[in-house]
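> Sequence:
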Amino acid sequence: MLSHYFELLSLYRLRILIGAVVSGVVVLCLSFVLLKTSPTYTASVTMNMQPSEEALLFNRQFLGQSQFNPATIITQTHIERLLSRPVAERALDALLADVPDEPLDPEVSLLGQIKGWIWRTWTRINYGEFREVPERVQLLNDLRESLNIETVEGSYILLVEASYKFPSTAADIANAVANAYVDIAGEEFLQEADRAAEGLRVRVDQGDEELRRLVAARDAFRLVNDISDVERQSTLLLTTIQAGLSSLAEDQLRLRTKQAERATLLEEIGNSSSNSRGPLQTLDREIEELQQLIEFRQDFLDEQSREVQTLVERDTEIRTLSDEIAVKREDLRALRQQLQSFELATGSQARQIRLIAPAVPPVYPRSPKVFINTVAAVIVGGLLVFVVAVMQDILGSFIRTRSDLAAVVGNRALPTVDPAWLRKVPIWRPLRRIRNARRLRRFIEDFGQKMSVEAGWTKPNLFLTGYMDQEELIDVRNFIAQVIKRSIARPGVDESFRVSAVGPIHTIKNWDELPEGQVIVVTHPDQKSDFDFTGVMQLGTAPPRSPLFMLWKT
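Plus 132 on top of the position in the sequence shown (first one is 1) and you've got our numbering.
No wet-lab data here; the hints were simulated from the structure.
Heads up, none of these hints are tricks.
If you anchor each label on the Cβ, the simulated ranges turn out as follows:
{"id": "1", "residue 1": "Arg344", "residue 2": "Glu324", "range": "27 to 33 Å"}
{"id": "2", "residue 1": "Thr372", "residue 2": "Thr414", "range": "29 to 35 Å"}
{"id": "3", "residue 1": "Ile526", "residue 2": "Thr686", "range": "20 to 26 Å"}
{"id": "4", "residue 1": "Gln424", "residue 2": "Glu342", "range": "50 to 56 Å"}
{"id": "5", "residue 1": "Ser287", "residue 2": "Glu212", "range": "16 to 22 Å"}
{"id": "6", "residue 1": "Thr666", "residue 2": "Gln614", "range": "28 to 34 Å"}
{"id": "7", "residue 1": "Trp251", "residue 2": "His638", "range": "57 to 63 Å"}
{"id": "8", "residue 1": "Gln614", "residue 2": "Thr686", "range": "17 to 23 Å"}
{"id": "9", "residue 1": "Ser529", "residue 2": "Glu648", "range": "31 to 37 Å"}
{"id": "10", "residue 1": "Thr367", "residue 2": "Arg461", "range": "27 to 33 Å"}
{"id": "11", "residue 1": "Ile511", "residue 2": "Glu324", "range": "51 to 57 Å"}
{"id": "12", "residue 1": "Leu515", "residue 2": "Pro647", "range": "48 to 54 Å"}
{"id": "13", "residue 1": "Leu355", "residue 2": "Gln423", "range": "37 to 43 Å"}
{"id": "14", "residue 1": "Ser300", "residue 2": "Leu515", "range": "38 to 44 Å"}
When the alpha-carbon atoms are kept at most 20 Å apart in a straight line, the in silico SDA-like pairs for lysine to any residue are as follows:
{"id": "15", "residue 1": "Lys460", "residue 2": "Glu341"}
{"id": "16", "residue 1": "Lys247", "residue 2": "Arg263"}
{"id": "17", "residue 1": "Lys247", "residue 2": "Glu264"}
{"id": "18", "residue 1": "Lys297", "residue 2": "Leu271"}
{"id": "19", "residue 1": "Lys685", "residue 2": "Ala538"}
{"id": "20", "residue 1": "Lys297", "residue 2": "Pro493"}
{"id": "21", "residue 1": "Lys297", "residue 2": "Arg498"}
{"id": "22", "residue 1": "Lys660", "residue 2": "Pro547"}
{"id": "23", "residue 1": "Lys641", "residue 2": "Tyr599"}
{"id": "24", "residue 1": "Lys390", "residue 2": "Glu421"}
{"id": "25", "residue 1": "Lys460", "residue 2": "Arg344"}
{"id": "26", "residue 1": "Lys685", "residue 2": "Ser142"}
{"id": "27", "residue 1": "Lys556", "residue 2": "Asp607"}
{"id": "28", "residue 1": "Lys556", "residue 2": "Arg570"}
{"id": "29", "residue 1": "Lys591", "residue 2": "Met669"}
{"id": "30", "residue 1": "Lys247", "residue 2": "Phe262"}
{"id": "31", "residue 1": "Lys556", "residue 2": "Ala569"}
{"id": "32", "residue 1": "Lys556", "residue 2": "Arg573"}
{"id": "33", "residue 1": "Lys685", "residue 2": "Thr655"}
{"id": "34", "residue 1": "Lys501", "residue 2": "Cys161"}
{"id": "35", "residue 1": "Lys617", "residue 2": "Arg555"}
{"id": "36", "residue 1": "Lys641", "residue 2": "Thr666"}
{"id": "37", "residue 1": "Lys247", "residue 2": "Leu162"}
{"id": "38", "residue 1": "Lys685", "residue 2": "Asp525"}
{"id": "39", "residue 1": "Lys685", "residue 2": "His656"}
Backbone N, C-alpha and C fix where the C-beta goes; we use that ideal spot for every residue, glycine too.
Work out the full structure, taking the sequences as your base and the hints as a guide.
Here it is in structure tokens:
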């Protein structure tokens, strides 16, 4: 299969060379014209992104356990915003502010006119009409089309490229777009930061108000309940209760003592006949006084206990308010610290997009690159011609190579012959001489084998015919005669063996009239189809001749 395409390449080498040269010359001329009339200069700005921790955390959570780099999402977001219309409008305003009285492109080149005509025609064909856009909209479209954003893979570095036919304008466009995006991104961040800071301030104010309300409620509770120092008051109450309990115990002891004395006195009075009512009355009066005192002290202690219980309950409520106040103060402290940190970080985070290297006017245009375009055109032109040849070979039925011939006639196909094999080659071209000698040797070997298989050497004649005129057949006869002289497949040299050009195949009416001999049918590549060979597979009838077939290059 490869030999087939190599032979096809050799067959069409002149066409391929012409196609390569023509395409190279055309592109060379166009490149020179574009270089003089409409060169494209490209200036680039290097920008660095410094995403916040929140953005990185969000991207990590969004991507999960995938292998994607968080920088990919962040950079793509910045690219889309760089190419957005608001950035282009601000950049255009900055450019027009520098040259308010002059248009960016005062004259339209010939190439621009051609492109404009093509675009208008294309629009009319597709949409039925062409609508002129305002000058500012056209400038915005041109500015956005001149931009190209590139990223450094795996990093947060952006390259903003702007292309224009004037180098200084290209640099101005790149710098204007980069500065516009930095300003817009900073303003948007500051606006969001202001909204966030305002929210924090509102929360701080609400916290202060709540704290003041809690403190006022605690103070009012103390004032209403006459509580200045719960600990001191509770200590005094407990001391009073302790003293009251001691006095109560003493009074109860005295009461039991008096009651014992009265019982003893009653026994004495019952056993004696004397009148002792006076001491008994005195004891009864003392016992009654002690009982009243004990009852009073008990009521007093109960009252003090209730006051202690009330004080404990009020102390619990005060402690609850104090705990709420402490929590609110801690929340306020955290909010104020967060607000302070946020305000301190706002200045640095507002510049998450920074310019590393501004654009400078380029020295040389980026396009057209004359040499590269010419070389590419030569390669593409040659490949296109070869592809066309291959498509013709696939879709067509013409015989072009030995493989095509073998597909029709089988093993009776001889190698394709180039008469240049026997021509003299200059001494300064040794490679061609070696190549021709090698190909001629292969043909001689193959020719000798085919003649041996077909018993052609045993016949006295070798007839050459085909689809060509007599002069070309004579050239073929001379070539075959030289091949036979150099062949070692024929056993011995027989002068009676003759090689004859019997004329074009259509001039021979009766093959049986020719003497015995082997026939070789010759034709040029890419001139006859496989149908032309099906009728000459057998020549004559008594006996039928089985010819060999060969392609002859011109």
